[in-house]
Amino acid sequence: MTAGVGVPTAFAEVLDGWSPASETVTGELDPWPATALAALLGADPLTPGEPLPPLWHEVYLRTAHPVSVLAEDGHPLADALVPPLADRRRMFGGGRLRVGQPLRVGEVATRTSAVADIRARQGRSGWLLLVTERHDFAVGGSLRVREERDIVYRMASDMARPTRSAEPVATGPVAYRIEPDERLLFCMSALTYNAHRIHYDRDFTVGVEGHPDLLVHGPLLALGTVEAARRHDPREIAAVDYRLVSPAYVGGGTIGFSVAPDDASRSLRVVGHQAAVPKVEATVTLR
551 MTAGVGVPTA FAEVLDGWSP ASETVTGELD PWPATALAAL LGADPLTPGE
601 PLPPLWHEVY LRTAHPVSVL AEDGHPLADA LVPPLADRRR MFGGGRLRVG
651 QPLRVGEVAT RTSAVADIRA RQGRSGWLLL VTERHDFAVG GSLRVREERD
701 IVYRMASDMA RPTRSAEPVA TGPVAYRIEP DERLLFCMSA LTYNAHRIHY
751 DRDFTVGVEG HPDLLVHGPL LALGTVEAAR RHDPREIAAV DYRLVSPAYV
801 GGGTIGFSVA PDDASRSLRV VGHQAAVPKV EATVTLR
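Whatever position you read off the sequence shown (first residue = 1), add 550 for the working numbering.
Don't read these hints as lab results, they were simulated from the structure.
Simulated restraints on C-beta separations:
| no. | residue 1 | residue 2 | range |
| --- | --- | --- | --- |
| 1 | 813 | 721 | 14 to 22 Å |
| 2 | 574 | 619 | 14 to 22 Å |
| 3 | 574 | 723 | 38 to 46 Å |
| 4 | 650 | 721 | 30 to 38 Å |
| 5 | 627 | 666 | 15 to 23 Å |
| 6 | 756 | 813 | 38 to 46 Å |
C-beta atoms are modelled at their ideal positions from N, C-alpha and C, and glycine is treated no differently.
Working from the sequences, and respecting the hints, build out all of it.
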């Protein structure tokens, strides 16, 4: 891909010269990670053979890198899915999940991950490098689950520029709640082998990245939309399309998830909000 006019040099070098390889990891979907995630989310624990709810694969088939090679964002400076940017700021933008058949506790599964798209565009507060990751989860060679994730990279120098905050909105009845504090973030980081400093180092988060407090994990907000949908409607989930709207913080109060059904399209509209400000939006499609 060729960089356009005005793209920062570091981003242009990635666009013009980065050819990432795919990554494959195979392992057993052991009961313990699902049990730990259930405890974190306040959900019922699963037993061997039970289906994993959508997005619960988040705690499985992770790649463990030596701490010595991790950057401040908790990822290696260069890896199969991580662009070689020396001075970067990484954010989770959202994603799309499709479930053919659910993964089940105790199965041996294979995750194959690759970069599906990479592009640069100019945002309100500077240039963005947008990387779309594709993660395929298969059992016995048969694809079960596909998730695409949008990861946003910014130049460190742009982090000091002000960004426009989401406006408060009217919220409906709350189907699910997350109480964000340091303990919750610690457990989520441990379960997902996530060493990004914005989730545990308040001095770095405030002083370097310019946030008011520790950030709640984007994948945890996405999981919250699924948990709200599951509590609202017991039908099987076939797809989840989610978008992170604005950061959620420790100290910002309860994150509530409101659900609005659309019976005509067999889908649910889920909004996660903190102090009436939307943090994540999702469309959950039911079978």
